[in-house]
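Quick mapping for you: the protein sequence lines, in order, are chains A and B. Counting in the numbering used here, the first sequence runs from 211 upward without gaps. Counting in the numbering used here, the second sequence runs from 3 upward without gaps.
Rather than coming from a laboratory, the hints here were simulated on the basis of the structure. The C-beta atom is built at its ideal place from N, Cα and C for all residues, glycine as well. A portion of the hints provided could be inaccurate.
[Unchecked claim] Selected chain A positions facing chain B (Cβ under 10 Å, derived; list incomplete):
| id | residue |
| --- | --- |
| 1 | V342 |
| 2 | A360 |
| 3 | T458 |
| 4 | L461 |
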Amino acid sequence: MADILPFLKSLLSAPGLSAYETPVTRLIEEKWRPLVTQTRLSRIGSLEALKAGTTPTPRPALMVATHMDAIGLMVTALTGEFLHVTQIGGIDARILPSTPILVHASRSGEELPGVVVMPPARALPPSTADGVISLNDLLVDVGLSAAHLAEKVQIGDRVSFATQPVELAGEVISGHTLDNRASVAVLTVALEELQTKQHAWDVWAVATVQEEVTLGGAFTSAFGIRPQIAIAVDVTFAKGPGASDWQTFPLAKGPTLAMGPNMHPFIHKKLKEIADQLEIPTQLEMSPRHSGTDAYAMQVAAEGIPTMVIGIPLRYMHTPVEMVAIKDIQRAGRLIAEFAAALEPDFVEKIVWED
Amino acid sequence: MPTITEKQIELLEKLCNASAVSGDEGEVRKIVLEEVKPYADTVKIDALGNVLVTKNGAAEKRLRVMLDCHMDEVGFMLVADEGEGLFHFELVGGIDPRQLPGKQVLVGKDKIPGVIGARPIHLTTPEERSHKISVDALRIDVGPGGAGKVKVGDRATFATRFRRVGDSIFSKAIDNRIGCVLLIDLLKTAPANLDLCLSFSVQEEIGLRGAKVAAYHFNPDLAFAIDSTPANDLPVHDGEENTFYNTKLGAGPAIYTFDSGTLSDPRLIRFLAQTGDEEKIPYQYRQPGGGGTDGGAIHRVRAGVPTVSVSVPHRYTHTAISLALVADWENTLALLSAALQRLTPDLLAEPR
Numbered sequence: 211m212a213d214i215l216p217f218l219k220s221l222l223s224a225p226g227l228s229a230y231e232t233p234v235t236r237l238i239e240e241k242w243r244p245l246v247t248q249t250r251l252s253r254i255g256s257l258e259a260l261k262a263g264t265t266p267t268p269r270p271a272l273m274v275a276t277h278m279d280a281i282g283l284m285v286t287a288l289t290g291e292f293l294h295v296t297q298i299g300g301i302d303a304r305i306l307p308s309t310p311i312l313v314h315a316s317r318s319g320e321e322l323p324g325v326v327v328m329p330p331a332r333a334l335p336p337s338t339a340d341g342v343i344s345l346n347d348l349l350v351d352v353g354l355s356a357a358h359l360a361e362k363v364q365i366g367d368r369v370s371f372a373t374q375p376v377e378l379a380g381e382v383i384s385g386h387t388l389d390n391r392a393s394v395a396v397l398t399v400a401l402e403e404l405q406t407k408q409h410a411w412d413v414w415a416v417a418t419v420q421e422e423v424t425l426g427g428a429f430t431s432a433f434g435i436r437p438q439i440a441i442a443v444d445v446t447f448a449k450g451p452g453a454s455d456w457q458t459f460p461l462a463k464g465p466t467l468a469m470g471p472n473m474h475p476f477i478h479k480k481l482k483e484i485a486d487q488l489e490i491p492t493q494l495e496m497s498p499r500h501s502g503t504d505a506y507a508m509q510v511a512a513e514g515i516p517t518m519v520i521g522i523p524l525r526y527m528h529t530p531v532e533m534v535a536i537k538d539i540q541r542a543g544r545l546i547a548e549f550a551a552a553l554e555p556d557f558v559e560k561i562v563w564e565d
Numbered sequence: 003m004p005t006i007t008e009k010q011i012e013l014l015e016k017l018c019n020a021s022a023v024s025g026d027e028g029e030v031r032k033i034v035l036e037e038v039k040p041y042a043d044t045v046k047i048d049a050l051g052n053v054l055v056t057k058n059g060a061a062e063k064r065l066r067v068m069l070d071c072h073m074d075e076v077g078f079m080l081v082a083d084e085g086e087g088l089f090h091f092e093l094v095g096g097i098d099p100r101q102l103p104g105k106q107v108l109v110g111k112d113k114i115p116g117v118i119g120a121r122p123i124h125l126t127t128p129e130e131r132s133h134k135i136s137v138d139a140l141r142i143d144v145g146p147g148g149a150g151k152v153k154v155g156d157r158a159t160f161a162t163r164f165r166r167v168g169d170s171i172f173s174k175a176i177d178n179r180i181g182c183v184l185l186i187d188l189l190k191t192a193p194a195n196l197d198l199c200l201s202f203s204v205q206e207e208i209g210l211r212g213a214k215v216a217a218y219h220f221n222p223d224l225a226f227a228i229d230s231t232p233a234n235d236l237p238v239h240d241g242e243e244n245t246f247y248n249t250k251l252g253a254g255p256a257i258y259t260f261d262s263g264t265l266s267d268p269r270l271i272r273f274l275a276q277t278g279d280e281e282k283i284p285y286q287y288r289q290p291g292g293g294g295t296d297g298g299a300i301h302r303v304r305a306g307v308p309t310v311s312v313s314v315p316h317r318y319t320h321t322a323i324s325l326a327l328v329a330d331w332e333n334t335l336a337l338l339s340a341a342l343q344r345l346t347p348d349l350l351a352e353p354r
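Chain B extracted, bound-state conformation:
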């Protein structure tokens, strides 16, 4: 059974601390390229910036299997310079503006520190405090000496640095750097029964853009979208049971049945569950509902690609600090690794 070692945790730390807002994934792309080159048959960067990797097997009849993870994260773009280090900014990807006041950010390739402040409580009225603060009212402040150090067009991310405490990982961008490390590990242990096509995709957070063209390029027999999904397993205000938790932290990899973009291929759902049961790897079904993964784009490419998504559960996605457990990460790796080894062309011959 594969395990998560210090080396993988260090790689996740490096990837999480990198800045890669949708459309500006260069820093993560560079790390990914370094990691995959020693293990890949071919590596290519396409027109959108996806990193496309192949690793061919040796068996006679081999499925062509696409593994996808997205490299990009939600963040900000500076859109207007108001002088003295103050910048108007826009959101890139789904960020709740209520998560912004009082947070530190890093701006641009040089990671210039800045902050998003808020009006002092002393200068607000109770009435004002009953309203949300809109993005329009906020500024990224890099300090009065910041002129020339950052500029309009620069991307910014939350400044949170990766921190591991026991089995817990606190970090920004766990969505989806944890998927990137999973893909790198799966490449390193690629089984001979498959041709693997890996896409480290761009622009997932703003419309699954990268995965669409990557899937077209690869033309796979089937695909796994490997991502990270919210664990909304928090207590309910009135003490009622939480029946809308999406996933639970600590309950293992989340297998998708249905989300806003994809109805997972039933054969692949059954196959993953059977793999988990037989290999005694814990897993959970993600509650059917909203949200989505690159699977939403991949399954509709060309004449169609049987697709399923598997995610690592984590709390507080798209905020400055998400929380994931090493155990869930390890079980996700174990499930996917076992599944790839067990995959044969017969699977697609089964009735749906």
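Chain A extracted, bound-state conformation:
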């Protein structure tokens, strides 16, 4: 199995805030193009890559969606030498003070390195000075004078996390935006695995946009591609400090297969059978309501699609130090490839409700 780590690291360093995914889209397109039959962009920017199957047309299609957008910040105001920012996606303001960032300065076209800062207590409202400092009161400092800042930056400019990815002991990687670039790596592993496999079905690998905010990419690509089956690969909660209940799964013990209203039980069963046959370890994830993934959107595209969610356990979600096990990425990639290759031409007719 090819080493996915260098590609994953390059993905983590590429900006791609929700609705501004272009830099990371380019990287993914470059990596996927030699692995697929064709690539295209959806009307709102999702990367759709088709690896054509072997059965005669009209061929059934499997769509695998991994969102490529990242959470981050956006400039709301300039105050002298400082910037006020708001969040894009769900961010706990408590992780922000002294986080390194890059401001994508649209006036000058530069990427300005800087830091999110907590003003000194006496500059803060007395009621909160000693407590949690909300995003409204945090600032961004890029070390420029007020005049230089105003020449370069304007309201609406994006701000990305800039913590560098780092490999930690035990074949894990830590960094920002592993949610969900880890799953983009999963899908890349799957495409690589499929190079040496026959598959009857078309396989659409889709790097979706705007998952963190609207699920817009998944709604629209599922509608456009109209697959017979759709799988979302996304990160799920790993056990770790502050996370130990039923919603959490140990790192490096395999991807999760989710169960709940967003997942078709038959697809779940089929994936589990294949994983067991190949001795790929998986964990069972309960998802009693909204799965919090692209599957929530894909399931109700057009006349409705049987969907499934594969989860990659990840520690410290939505912080700049998210952590996943490389093994889980490889396992999930292999499972998806094996599942795609196992789909018989008439598989759709076999999907049943075992009531």
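Use these hints to put chain B onto chain A, whose structure you have.
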């Protein structure tokens, strides 16, 4: 007028990237020793780990002048192993726990990477998010394969690497590696009118411990504590003027009048200001208030040592990323360098 060259910036980078949590200053001590040996008359490491350096002048009547900077930085110590690479840790020095979640650290002499995570926002309630995260709830995580690579007792620092962008320097531990480079430069250009005693001190951040014994050892006529101090010059939430900025970034070296540990010697305050005025070197007075330097220990040693502190202003001290300006550093070097050259025993004969 002395300037800051690429060579000094490289030395600051090396020193800032080194790990030297209070009580474990070895890595910085080693760099300092290499730098000072070619220029010193004597070099000694004392019982606490201070690096004590002398450089004697040649004039007939010479003041014995102590220059102090601290080598240590705030950081962490691993205190309990919870298995699978997770460690309970304690703070060493004044770190606001609100600065910790989501940061990378380096553990031990081998600088094993680790992270301080936080519970995912998805698993928290709005009520929970309205409370600070205590140190007790945080762990240093070096990865599930970390057993044996780090151990209880190891120190950890923020992992931030030094970065210079134009005139700005972003780094951890600017407090007080910038003071260390200043002392090294002042040693290299030591004027003949003085006997210089330099202390690269340990354990400033946990109670000015090193400087106390260093000052006793040197028994100087007067002392300068050279440090770095917060520039709290940020906008105020309600738009009012910030009148409690401590110092301002870009306004030059900060001369201390009064902090929580020291009332600076008035003769030395006047002397520094006069030097700045006459040499046309920008300087600022640090606003009287809390905080402190090794001066707090030095001025009370033996029968007393006339002492003043001078600091390089920098923002966001004791966090993962501080910000300083090369211009402030250069002006601090210029002011101190000029002051040493102008120092004569007459100064101490002046009325206070």
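Problem set entry | A360 (chain A) as an interface hint toward chain B, with CB separation required under 10 Å | 15 Å, violated
For this session: Against chain B, run the beta carbon of L461 (chain A) and see if the smallest gap drops under 10 Å.
Result: 6 Å, holds
Problem set entry | chain B contact restraint for V342 (chain A) - C-beta distance below 10 Å | 6 Å, holds
Problem set entry | Hinted contact T458 (chain A) with chain B - closest CB pair below 10 Å | 8 Å, holds
Comparing the model with each earlier hint shows a violation of hint 2 alone; every other hint is respected.
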